[in-house]
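Colleague: From first to last, the protein sequence lines stand for chains A and B. Our numbering numbers the first residue of the first sequence as 2 and each following residue consecutively. Our numbering numbers the first residue of the second sequence as 363 and each following residue consecutively.
Quick caveat, the hints were computed from the structure, so don't treat them as lab data. Among the hints, a few may not be true.
[To be verified] Label pairs and their calculated CB-CB ranges:
{"id": "1", "chain 1": "B", "residue 1": "Ala412", "chain 2": "A", "residue 2": "Pro198", "range": "51 to 57 Å"}
{"id": "2", "chain 1": "B", "residue 1": "Pro549", "chain 2": "A", "residue 2": "Gln168", "range": "39 to 45 Å"}
{"id": "3", "chain 1": "A", "residue 1": "Pro174", "chain 2": "B", "residue 2": "Val572", "range": "33 to 39 Å"}
{"id": "4", "chain 1": "B", "residue 1": "Ser563", "chain 2": "A", "residue 2": "Met124", "range": "35 to 41 Å"}
{"id": "5", "chain 1": "B", "residue 1": "Ser563", "chain 2": "A", "residue 2": "Phe189", "range": "41 to 47 Å"}
{"id": "6", "chain 1": "A", "residue 1": "Met124", "chain 2": "B", "residue 2": "Glu554", "range": "36 to 42 Å"}
{"id": "7", "chain 1": "B", "residue 1": "Trp656", "chain 2": "A", "residue 2": "Phe22", "range": "26 to 32 Å"}
[Claimed, not checked] Residues of chain B placed beyond 12 Å of chain A at every Cβ, according to the derived structure:
{"id": "8", "residue": "Val500"}
{"id": "9", "residue": "Ala502"}
{"id": "10", "residue": "Pro519"}
{"id": "11", "residue": "Gln550"}
None of the values given here were measured: they were computed from a predicted structure. By construction, the Cβ of each residue, glycine as well, lies at the ideal position given by its N, Cα and C atoms.
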Amino acid sequence: MDARTKRLTIKYSKRTLFHLFVIFLGFIMLYPILWMVSNSFKTSAEIFGSSALFPKSFLIDNYVRGWMFNGSITFATFFKNSFYYTIVSTIGAVIASSLVAFGFARIDFRGRAFWYGCMFITMMIPFQVVMVPQFIIFHRLGWINTFKPLILPMCAGVPFFIFLMVQFIRQIPMELDNSAKIDGCNRFMIFVYIIFPLIKPALITSTIFSFYWRWDDFLGPLLYLNKPKLFTVSLALRMFSDPQNATDWPAIFAMGTLSLIPVILIFVVFQKYIVQGLVTTGLKG
Amino acid sequence: MNTSHRKAQLMNDLSGYAFISPWLIGFLAFSIIPILFSLYYSFCDYDILAKPIFNGLVNFKAMFSDDLFWKSLQVTFYYAFVSVPARLLFAFAVAMLFNRGARIIRLYQMVYYLPSIVGGSIAIAVMWRRLFMSDGAVNAVLGALGIHTTISWIGKPETAIWTLIILAVWQFGSSMLIFLAGLKQIPQTYYEAADIDGAGSFMKFTKITVPQLTPVIFFNLVMQLISGFTVFTQAFVVSGGMGDPLNSTLVYALYLYQRAFKYFDMGYSSAMAWVLVLIIGLFTAVIFKSSSSWVYYESKEGK
Numbered sequence: 002m003d004a005r006t007k008r009l010t011i012k013y014s015k016r017t018l019f020h021l022f023v024i025f026l027g028f029i030m031l032y033p034i035l036w037m038v039s040n041s042f043k044t045s046a047e048i049f050g051s052s053a054l055f056p057k058s059f060l061i062d063n064y065v066r067g068w069m070f071n072g073s074i075t076f077a078t079f080f081k082n083s084f085y086y087t088i089v090s091t092i093g094a095v096i097a098s099s100l101v102a103f104g105f106a107r108i109d110f111r112g113r114a115f116w117y118g119c120m121f122i123t124m125m126i127p128f129q130v131v132m133v134p135q136f137i138i139f140h141r142l143g144w145i146n147t148f149k150p151l152i153l154p155m156c157a158g159v160p161f162f163i164f165l166m167v168q169f170i171r172q173i174p175m176e177l178d179n180s181a182k183i184d185g186c187n188r189f190m191i192f193v194y195i196i197f198p199l200i201k202p203a204l205i206t207s208t209i210f211s212f213y214w215r216w217d218d219f220l221g222p223l224l225y226l227n228k229p230k231l232f233t234v235s236l237a238l239r240m241f242s243d244p245q246n247a248t249d250w251p252a253i254f255a256m257g258t259l260s261l262i263p264v265i266l267i268f269v270v271f272q273k274y275i276v277q278g279l280v281t282t283g284l285k286g
Numbered sequence: 363m364n365t366s367h368r369k370a371q372l373m374n375d376l377s378g379y380a381f382i383s384p385w386l387i388g389f390l391a392f393s394i395i396p397i398l399f400s401l402y403y404s405f406c407d408y409d410i411l412a413k414p415i416f417n418g419l420v421n422f423k424a425m426f427s428d429d430l431f432w433k434s435l436q437v438t439f440y441y442a443f444v445s446v447p448a449r450l451l452f453a454f455a456v457a458m459l460f461n462r463g464a465r466i467i468r469l470y471q472m473v474y475y476l477p478s479i480v481g482g483s484i485a486i487a488v489m490w491r492r493l494f495m496s497d498g499a500v501n502a503v504l505g506a507l508g509i510h511t512t513i514s515w516i517g518k519p520e521t522a523i524w525t526l527i528i529l530a531v532w533q534f535g536s537s538m539l540i541f542l543a544g545l546k547q548i549p550q551t552y553y554e555a556a557d558i559d560g561a562g563s564f565m566k567f568t569k570i571t572v573p574q575l576t577p578v579i580f581f582n583l584v585m586q587l588i589s590g591f592t593v594f595t596q597a598f599v600v601s602g603g604m605g606d607p608l609n610s611t612l613v614y615a616l617y618l619y620q621r622a623f624k625y626f627d628m629g630y631s632s633a634m635a636w637v638l639v640l641i642i643g644l645f646t647a648v649i650f651k652s653s654s655s656w657v658y659y660e661s662k663e664g665k
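Make the full structure from the sequences, and use the hints.
Modeller: This is the structure:
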């Protein structure tokens, strides 16, 4: 073996080792998710003490049983509730955030820096501080067991999205605004016709994050929704797996798997936007 | 001229406040007013049904002799100070491994990122509970490796909190991507200059890569510690809602929730919320103060 082949062999075996290691670690990372999906097709007895990923049986029945939940209310209701809450609050959050971001980024009003600073401070305040008073206020208003306490705060805009959009708007040249003004556009028209279409990537990123956060939201529904027919998927899954009840694990895993489908689908289609949003806000130092 | 200028400024003020009004109204209604109420309740005895009764510092004094308060504080500190550094360390190590351009690496990155995407969902938390039961997959895998055990990892006080820590570290993917983006921003010329000076790869790592990334590490450390201190959902689900076993997973936010919505002790839980604010403020201040000694910022003139 001459020196060159030796060098190449070392190089390639190093590379192979790297890939083997990364794939092995990746497998461990994905294992819990795969285990859940495979369990959704197994019998109860088969899950017991098993780490196998390939089910011996392939029971669609788990999905049917899970979907029927307790007989009177089905997962159709929970999915409907989750989609309603997620979609309405996402639309509200994104539109409001874009309006507010335009105000902060483009209009030189008095007190701008102060309010922008306030917005950052609210990001640092833990939800636990406002949780109790908010609950009492919404309780007084008679809004328990409605979606209003969950949706309304989102329609005020979300600081994280506002920040993301301000960053985006600042990169758009002022000349565009100015020439639109000369053409007779007022501020609102500039926002609607010029800025809003140009910040599409930030809008998409915000929409995705909002969808994820609302879809996964647990504390909000736990506080405000007590009637089973109002439950979101998150709440229903938790009730389903309540340690006090006899638990039908295959059915829980089946519904758990279903609840992850929208999340993973969005990830596969829009990963570029997700990564971009993550990086812009996570790099801020 | 002066009046037209003033008129323009007035127009700016009007339209500016009109655009930020959704946030401004929400800020008053959902932040400022609740914050003031919360501050007031923290000095009150209040059970939601009767009117709040001012009782001075009683809630804060009660905290000092409340064993569960101290327990929850200890559990939360343990959780945050183990899981956050571990997650960042993992993220950093894997980011170094993936810091190259090959196409297949992009695919790996996305696979490693997937747990962060699904990690917040209840489905995962519920599954996590099952994974660590005595007949769960963890023991089955250990059994296959020759370590036969029937420990219920979620049932033993010593190990239960670790299932939550592992769940947090498992989601290192988002920090990994942030670090990767940070690594890409380091100018290649720094490394070239180091090559000319004959620096080895260890030298380059400690003298260029790490100092250049400290602002990013710092920012993520602060933000993740804050969210570590306020962890709720995962602990609620994995611990069965009560912080079991033996309060070993009774994190601060979970105890606060119980005091408010199980015992309707709104005053006490508000006081707990303000202690949480103090703790977070204190830690943020300490990290900020110490940052000048270990965070490397490029000089302003250089930019």
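Colleague: Among all the numbered hints in the text so far, which are the ones the structure does not match?
Modeller: Going through the list in order, the structure violates hints 2, 5, 8 and 9 and respects the others.
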